[in-house]
Amino acid sequence: MRKGSRAFSCLCFSVVAVVILGLINGINGESPYRFFTWRVTYGHISPLGIRQQVIMINGQFPGPEIDCVTNDNLIISVENHLSEPFLLSWNGLQNRRNSWEDGMPGTNCPIPPRKNFTYVLQVKDQIGSFFYFPSLGLHKAAGGFGAIRIYSRPRIPVPFPPPAGDFTILAGDWLMLDRGHSLPSPDGLLINGRGWNGHSFTVDEGKTYRFRISNVGISTSINFRIQGHELKLVETEGSHTLQTTYNSLDIHLGQSYSVLITANQAPKDYYIVVSSRFTSPVLTTTAVLHYSNSRRWVSGSPPIGPTAQIDWSVHQARSIRRNLTASGPRPNPQGSYHYGMVQVQRTIVLANSAPFINMRQRYAVNSVSYRQPDTPLKLADYFNISGVYSSGSMPSNPTWVPAYLQTAVLQADYRSFVEIVFQNWEESVQSWHIDGYAFFVVGSTVQVYPKSRTAMYMSLHCFASMQVYPKSWTAIYMSLDNVGMWNVRSENWARQYLGQQFYMKVYTSSNSWRDELPIPKNTLLCGRARGHHSRPL
1 MRKGSRAFSC
11 LCFSVVAVVI
21 LGLINGINGE
31 SPYRFFTWRV
41 TYGHISPLGI
51 RQQVIMINGQ
61 FPGPEIDCVT
71 NDNLIISVEN
81 HLSEPFLLSW
91 NGLQNRRNSW
101 EDGMPGTNCP
111 IPPRKNFTYV
121 LQVKDQIGSF
131 FYFPSLGLHK
141 AAGGFGAIRI
151 YSRPRIPVPF
161 PPPAGDFTIL
171 AGDWLMLDRG
181 HSLPSPDGLL
191 INGRGWNGHS
201 FTVDEGKTYR
211 FRISNVGIST
221 SINFRIQGHE
231 LKLVETEGSH
241 TLQTTYNSLD
251 IHLGQSYSVL
261 ITANQAPKDY
271 YIVVSSRFTS
281 PVLTTTAVLH
291 YSNSRRWVSG
301 SPPIGPTAQI
311 DWSVHQARSI
321 RRNLTASGPR
331 PNPQGSYHYG
341 MVQVQRTIVL
351 ANSAPFINMR
361 QRYAVNSVSY
371 RQPDTPLKLA
381 DYFNISGVYS
391 SGSMPSNPTW
401 VPAYLQTAVL
411 QADYRSFVEI
421 VFQNWEESVQ
431 SWHIDGYAFF
441 VVGSTVQVYP
451 KSRTAMYMSL
461 HCFASMQVYP
471 KSWTAIYMSL
481 DNVGMWNVRS
491 ENWARQYLGQ
501 QFYMKVYTSS
511 NSWRDELPIP
521 KNTLLCGRAR
531 GHHSRPL
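Numbering (the working numbering), first residue to last: 1 to 537.
Hints were generated in silico from the structure; no laboratory data involved.
Even for Gly, the Cβ is constructed at its ideal location relative to N, Cα and C.
Don't take every hint at face value.
Said to hold, decoys possible - Ranges of calculated distance between the beta carbons of each label pair, as one might list FRET restraints:
#	residue 1	residue 2	range
1	247	416	26 to 32 Å
2	510	371	29 to 35 Å
3	304	481	28 to 34 Å
Said to hold, decoys possible - PhoX-like mimics (lysine-lysine), calculated; alpha carbons at most 20 Å apart, straight line:
#	residue 1	residue 2
4	115	207
5	232	207
6	115	521
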């Protein structure tokens, strides 16, 4: 039985129904199915020496890893044993034609306590390193996240030899929420749910290994390094990169990088270090790179990394390039679609701000601070429920009016090609994510966004999340080829929670299943959608 299938026996009574559901929803029946049953519970850990409550999946923190291959179908049954609603989202999975399964509050009703919901996903035309996380409220600050690894199909060439091993590192800031604060400053950093030297990765001398590193934190950029070893970057969130070598890598909120490490040093143990960026004080935690023939445990101080140097991080970000000659999930090269030759049909400028509204701290985009509706936008759209949101309620340029609360939706046309510019007026690094899409970062400059910005654009590289440096702008190109209702958000979770997000409705008048899959029959209904019948069109 293939890895990830151990829960098959628990689902045997419903496999036929689920498979039929998948076929009805247009999922490729010729691609393999992988079945998972996840039980979401509270648990207690002490990663920083103090016992605290976290969210676990199948008793694990972090949760189980999803290993799959391009185009695999994932059937994930989630049982909510918490005392409150719960919802999972998939950071970086594009969910082609299927925002019904995106797992954000604007697209899905949460899973009620003591209930379950089955996600039916297909990792269509994707490869690379991603992660899942709880999307409701502040659950992301309490755990419930895990890694997703999508391997290339056997006949698709990968631009580096098969590594001797494939390791995952989920790193990020960690808060002691049990102390009663809403969102305090981070208390520390964790690597795979553990504190200082809490995790070890064993390697054989002379062999090369792949490390997939994701920043699953909620407020802090991190720097990753391995004592005495170079990092060869090979992939960023589903795109192969030019294989540039670094001593350390900045990984911003929501981002995932893959690097190759060759165990070519003296056989002993070495520090794996994660430290915070642009913070005071600098937080640090470590794991251990253990040579299998080592007789010496790590000792001394771990190597020091960059701290508050913005210019250093900007220079590194500009050095990352997509490998346009490598194959992606298909045999054709990643650069076969010539983005630089496509005419931009619309420019959208998004400026973040941190206003007070009704004497309370909020965060906004183009003066709009997102207000959660009582009904998911996707359901309101499908059932024609009025009063939940208005199309076009998200301005496509800064308005410079006083900030206000609004259930904001940006209307966009299917198959158009857009330029989106993120303008950061603040003194802190911002991180942004767009569900349902990968995009090409074409420009990032430490200055106010200029009208002549295209003259400053650089070679293309591809991400699902991107950072915007202080007093800077970052521009992306994106083909709107995925119909649906998609969340655009700050990856700083306090900012997201307090309004720095909106939804982008990519619209087509067609009702063809070729453009968007129909509503799943098992769709949960809540708010004003209760009492409706979730029948496919």
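Check your understanding: Using the C-beta atoms of residue 510 and residue 371, is the stated range 29 to 35 Å upheld?
Key -> Since residue 510 and residue 371 have Cβ atoms about 31 Å apart, the given range 29 to 35 Å holds.
Check your understanding: Can the restraint linking residue 232 and residue 207 be considered satisfied, given a maximum Cα separation of 20 Å?
Key -> Given pair residue 232, residue 207 holds - Cα atoms ~14 Å apart, limit 20 Å.
Check your understanding: Is residue 115 within 20 Å of residue 207, Cα to Cα?
Key -> Judged against 20 Å, a Cα distance of about 46 Å means the pair is violated.
**Study point:** Pair hint residue 115 and residue 521, alpha-carbon separation not exceeding 20 Å
**Key:** With Cα atoms ~16 Å apart, residue 115 and residue 521 stay inside 20 Å; holds.
Point to revise | Consistency of beta-carbon spacing, residue 416 to residue 247, with hint 26 to 32 Å | key: Taking Cβ atoms as reference, residue 247 and residue 416 lie about 41 Å apart, which means the hint is violated.
Review point. Given a hinted range of 28 to 34 Å, is it respected by the beta-carbon distance of residue 304 and residue 481?
Key: The hinted range 28 to 34 Å is violated for residue 304 and residue 481, with Cβ atoms some 44 Å apart.
In summary, the numbered hints that this structure violates are 1, 3, 4.
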